[in-house]
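Chains A and B supply the protein sequences, listed in that same order. First residue of the first sequence? That's 0 in numbering that gives the first Met the number 0, and the numbers climb one at a time after it. First residue of the second sequence? That's 0 in numbering that gives the first Met the number 0, and the numbers climb one at a time after it.
These are computed hints drawn from the structure, not numbers from a lab. Keep in mind that a hint or two might mislead.
Note: identical chains are not told apart, hence a pair may lie in one copy or across any two.
Stated by the list, open to error - Once the Cα atoms are required to be at most 25 Å apart in a straight line, the calculated SDA-like pairs of lysine to any residue come out as: (1) Lys26 / Phe136; (2) Lys75 / Lys108; (3) Lys75 / Lys139; (4) Lys26 / Thr113; (5) Lys127 / Ser148; (6) Lys159 / Thr34; (7) Lys159 / Gln175.
Residues per chain, in single letters:
Protein chains: 2
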Amino acid sequence: MKISALKNQILLKKSFLCIGLDIDLEKVHASIKATEDPLFEFSKAIIDSTAAYAVAYKPNIAFFETYGSQGMASLKRVMDYLNKNHPEIFTIADAKRGDIGNTATRYAKAYYETYNFDSITVAPYMGKDSVEPFLNFEEKYAILLALTSNEGSSDFQIQKVGSQLFYEKVIQTSSQWKGSDRLMYVVGATKANAIKGIRNLIPDAFLLIPGVGAQGGSLAEVAESGLNQDVGLLVNSSRGIIYASTDTDFASKARDAAYDLQKQMQIILEKKRLI
Amino acid sequence: MKISALKNQILLKKSFLCIGLDIDLEKVHASIKATEDPLFEFSKAIIDSTAAYAVAYKPNIAFFETYGSQGMASLKRVMDYLNKNHPEIFTIADAKRGDIGNTATRYAKAYYETYNFDSITVAPYMGKDSVEPFLNFEEKYAILLALTSNEGSSDFQIQKVGSQLFYEKVIQTSSQWKGSDRLMYVVGATKANAIKGIRNLIPDAFLLIPGVGAQGGSLAEVAESGLNQDVGLLVNSSRGIIYASTDTDFASKARDAAYDLQKQMQIILEKKRLI
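All chains should be built: construct the whole structure from the sequences, respecting the hints.
Right, here's the structure in full:
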């Protein structure tokens, strides 16, 4: 997908909502669990009920991978369904891969080509030659872990390296890599106070922001610090939408939760005169 | 597998050789490519011809993942074959996963349970709560990226954090985590001069050392710095063994290459009076 198409979609839907598909089969309704492919059926029901309000979906690969080859067949069905029925939607493989060059290329091909995602989340620890292979594909994007929302982010990401924090070093270094115009960054919503500084380092890059809702991040704060002249944000919600109800009405409750976030986003975008 | 079983096997086979299954279908012989499941058939041929000389196999997950659900079905067949025919062999999922707690647990279950590996390689960037879920399983091991052999390792891993280099910080911090007796570390063979310092930080942990051979690392140097009283090393070779020949004799040439490394390891172990 062209980045301009993602931007157009944001303006059209007045939304920068990404919905995370972290599908825990223990939480899905019995009527879904009884189907032949519950991972797919649950995803389809969520997509059908929320696609009007979301600009991106982010399947969490671990939740498919744990079911072996069958789980990966379900992932392929989800992606085929999304790409066929909602070609305007930006898709993110939340996979957090990272390995040396020839292996990274295999991961890139797996997610960009075999499963036909627009983007994949990538880990920075192994450096340039582990990330650049993901930046080599036309209209495909790597989303690099920068500052995450979990407790353990303090172990390494905020350690001081010279005059910078480690995640700042990661952002600054990676923004010099070949193909960095196809690079986006993961920044946790619980770190809203850091987002302003991150915007100074990368004013134009898209930020993928998980952690709003269940994990405690505030949409208003994130937007205040993170929006740029092109919006430049994808704010993710997973559990708050897909498990808004665990009863038969889960799809309509998911729709309500997605609509609620979209409305909040619309108000923010209008206030900032971005739409 | 109990760690004592791995140690016993090392002494019995007089080898600390790990063979990496990074299977590039463009490099396998036409007779293998013509089969229904070339990823499995190639792995089987390599395993059958080299298992007498190796104590561990390390399938590189990207090379299976790139073929979608079919690739993962092949991986399952490889693991079932290994576990049935060579239960004494230590198995490593070279997956370099890393994500927040509930997602990390899914990855752990995928590789420890669904595919039945003894261990998995893990990335440190997201910190404690992204690694500890992998240390929660009886007789299963996480192998944490510390200092890798690729060029990009210099981007972040050897940055100065306080009085330490970043990979030293990773090793020292992680060795305090819950379950760290089930933690091993990846250290590239091209960094032999750093291994002595690493041994000071973690005298007892197993080190998985890729990069001998094709990537230029020296077995003698690695052994000199890395061996401990329990051996404590797994030295990996991939391309040097599995593509020793790309002709019909690939399996016997792989055997020769594995045997050659085992002999070198035996001489080292004898010289150090470890066997």
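| query | Honestly, which of those hints from before does the structure not fit? | reply | Those not satisfied come down to hint 6.
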